[in-house]
Amino acid sequence: MHNTLAIARRELTSYFHSPVAHVVLAVFLVVSGWLFFYFSGLLIVGKASMRGFFALCPLLFMLFVPAITMRLIAEERKSGTFEGLMTLPVAEHEVVLGKFLAALSMMCVGLLCTFVYPVSLALIKAPGSALDMGPIIGGYLSAVLLLSSFIAFGMWASALSKNQIIAFILGLLLCFALWIPDKAILILPASLGAAVQYLSVNYHFENIARGVIDVRDVLYYLTVTTIGLVLTTRTIAATRQ
Amino acid sequence: MSDAPASPPMIQIEGLTKHYGRTHALRGITFEVPKGQVVGFLGPNGAGKSTTMKILTGFVEATGGIVKVAGISVADDPVGARTRIGYLPENNPLYEDMMVEEYLEYIARIRRIPADKVRGAIDTAVARCGLQKVRGKDIGELSKGFRQRVGLAQAIVHDPDLLILDEPTTGLDPNQVVEIRNLIRELGKEKTVILSTHVLPEVQHMCGRALIISEGKIVADGAPDQLSSDGGHIDLVVTGKRGAPDLAATRALLKALPDVAEVHERTTGEKDALAFSLTTKGSADPRRALFAALVDAELVLLSLDKKALGLEETFRKLTTAEAGKAEHADHPHSKAA
Chain C
1 MHNTLAIARR
11 ELTSYFHSPV
21 AHVVLAVFLV
31 VSGWLFFYFS
41 GLLIVGKASM
51 RGFFALCPLL
61 FMLFVPAITM
71 RLIAEERKSG
81 TFEGLMTLPV
91 AEHEVVLGKF
101 LAALSMMCVG
111 LLCTFVYPVS
121 LALIKAPGSA
131 LDMGPIIGGY
141 LSAVLLLSSF
151 IAFGMWASAL
161 SKNQIIAFIL
171 GLLLCFALWI
181 PDKAILILPA
191 SLGAAVQYLS
201 VNYHFENIAR
211 GVIDVRDVLY
221 YLTVTTIGLV
231 LTTRTIAATR
241 Q
Chain Z
1 MSDAPASPPM
11 IQIEGLTKHY
21 GRTHALRGIT
31 FEVPKGQVVG
41 FLGPNGAGKS
51 TTMKILTGFV
61 EATGGIVKVA
71 GISVADDPVG
81 ARTRIGYLPE
91 NNPLYEDMMV
101 EEYLEYIARI
111 RRIPADKVRG
121 AIDTAVARCG
131 LQKVRGKDIG
141 ELSKGFRQRV
151 GLAQAIVHDP
161 DLLILDEPTT
171 GLDPNQVVEI
181 RNLIRELGKE
191 KTVILSTHVL
201 PEVQHMCGRA
211 LIISEGKIVA
221 DGAPDQLSSD
231 GGHIDLVVTG
241 KRGAPDLAAT
251 RALLKALPDV
261 AEVHERTTGE
271 KDALAFSLTT
281 KGSADPRRAL
291 FAALVDAELV
301 LLSLDKKALG
311 LEETFRKLTT
321 AEAGKAEHAD
331 HPHSKAA
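Sequences listed follow chains C and Z, in order. Following our numbering, the numbering of the first sequence begins with 1 at its first residue and continues without gaps. Following our numbering, the numbering of the second sequence begins with 1 at its first residue and continues without gaps.
There may be inaccurate statements among the hints.
Stated by the list, open to error - No farther apart than 30 angstroms at their CA atoms in a straight line, the calculated lysine-lysine pairs in the BS3-like style are these:
#1 Z:K35 - Z:K117
#2 C:K162 - Z:K137
#3 C:K78 - Z:K144
#4 Z:K217 - Z:K317
#5 Z:K217 - Z:K271
#6 Z:K117 - Z:K144
#7 Z:K217 - Z:K189
#8 Z:K144 - C:K162
#9 Z:K271 - Z:K241
#10 Z:K35 - Z:K189
#11 C:K78 - Z:K137
#12 Z:K281 - Z:K306
Everything labelled a hint here was simulated from the structure, so no lab data went into it.
So that you can see chain C by itself, here it is in the shape it has in the complex (with noise of 0.2 angstroms):
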């Protein structure tokens, strides 16, 4: 744990001085920003929710997420500071965790940002009516679960290549990958869509973001993400091959 947060730390650091993840953090408030204006409905219908924001979540963090992990590895193994990293009396897993705790922080910063629309609607709201929180609160737990996932695996696409670029595509491909078995139900039948519905993302953002909490679905984002940070750390390990 001690290396982890060491780690993570250095990581966080190298954050706030690349400039990079100041312009992402930036466009994804703007653009969220936008969205939640737009599609909440608030200007048209004066109703007061986040769903359409929330319902968006998904395929913003698949542009956002492998933004912000593309670096993560690839920058290291480029420019040669990953054999110093990987020559400390570190563990590969203490590595692969204390990055993956500096972006999710990162992320979560973008996120805390975003607590301006709830507070803004709650003042805005008609008199009388109520702001159901219900759906708010699991909105944001449901964000950050998927956070850790898109992260775990952009984190693997930044252990793949050296390039950066690569690193993001590829990032957007596995982010891709886990949204779009949600819409499995268009085009298979019935009873097997609905299985494989089940290992989408998309899926259990849906049930949390309504404000259910269900273990399951917890359950499935933990899994996810513990998939991705193995993947990772299984290929680093390998670079030492």
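Position chain Z against the provided structure of chain C, taking the given hints into account.
Chain Z only, in chain C's frame:
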């Protein structure tokens, strides 16, 4: 239980092999480095110096053989072995966006220096490597010489027993080279150091022992002076008592001396004189026999200069064995022509 030696050698390598796919980078390397020795690891590019160091530090896994650092097997306890080592990788890659201070603190933390001793450890490393003036600067802004010092500082911040330095002086200007060499020599007084280089005088300056590696094998192992004194050259200029001596006869005379391996003609500015360069067999000294033979042949010696075969030439001889044979076949008489 107690039959293990009190202190195992700092480095113990036995039958080390490494294949990258079909390429054999190391073909069975065996050596030991006792505590406190400063070893220079020599070899042409691609001979396997870096690979050996990468295996010692655990960055790369060996294909076969035993590698132990302070008695700890690198294969069985990689993290344990790495705690004993300070490593400066080739090209000294550093996090450009970190401050020197920040970076050393990160290394100190990961190196498990207790929180209350981190400050002191960083101060010591900074002082030893002369980094006081740049502590608060970004690493990316530093000159190459200072970067190298930062690389060394991160390697010694946890006061390791063993320092592994991969080409520590490559790419530095002559002043920086001298500074870094002095620093390494200073560190070598209390630590075991293994450094790779292809700058040969460096080994004579800093190391008590040289290991020459070529094509994945160790081809020489010994004190740098010992390696450099095997065999030598004698340069001489002779003239006749009356005018220039006969070239063929003089050449034959020299060639017939017992300890002379080769005779090459050189050019000389002296009038009516011939100049030769002799290569001696092993460490033999044929000067007395040479002088007597010249007197007998009524030749006059104008100059005589004995040179030990430099480490440079030993190195070339050992590491270009194959190439050397081809060269000789190509132009055996090039010097006489």
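Hints, verified against the model:
1. At roughly 26 angstroms between alpha-carbon atoms, K35 of chain Z and K117 of chain Z fall within 30 angstroms of each other, so this suggested pair holds.
2. Of the pairs offered as hints, the one joining K162 of chain C and K137 of chain Z holds, with about 28 angstroms between alpha carbons and a cut-off of 30 angstroms not exceeded.
3. A hinted pair counts as satisfied when its Cα atoms are at most 30 angstroms apart, and K78 of chain C with K144 of chain Z qualifies at roughly 19 angstroms.
4. Of the supplied pair hints, the one linking K217 of chain Z and K317 of chain Z holds, its CA atoms being roughly 15 angstroms apart against a limit of 30 angstroms.
5. Of the pairs offered as hints, the one joining K217 of chain Z and K271 of chain Z is violated, with about 49 angstroms between alpha carbons and a cut-off of 30 angstroms exceeded.
6. Between K117 of chain Z and K144 of chain Z the CA atoms are separated by roughly 29 angstroms; this keeps the pair inside 30 angstroms, and the hint holds.
7. A distance of roughly 29 angstroms separates the Cα atoms of K217 of chain Z and K189 of chain Z; the hinted pair therefore holds under the 30 angstroms criterion.
8. Note on K144 of chain Z and K162 of chain C: the hinted pairing holds, with a Cα-Cα distance of about 25 angstroms set against a maximum of 30 angstroms.
9. Between K271 of chain Z and K241 of chain Z the alpha-carbon distance is near 13 angstroms, which keeps this suggested pair within the 30 angstroms criterion.
10. Straight-line distance between C-alpha atoms of K35 of chain Z and K189 of chain Z comes to about 11 angstroms, which keeps the hinted pair within the 30 angstroms bound.
11. Under the criterion of a C-alpha separation no larger than 30 angstroms, the hint pairing K78 of chain C with K137 of chain Z is consistent with the structure, at around 23 angstroms.
12. The suggested pairing of K281 of chain Z with K306 of chain Z holds, with an alpha-carbon distance near 13 angstroms, which does not exceed 30 angstroms.
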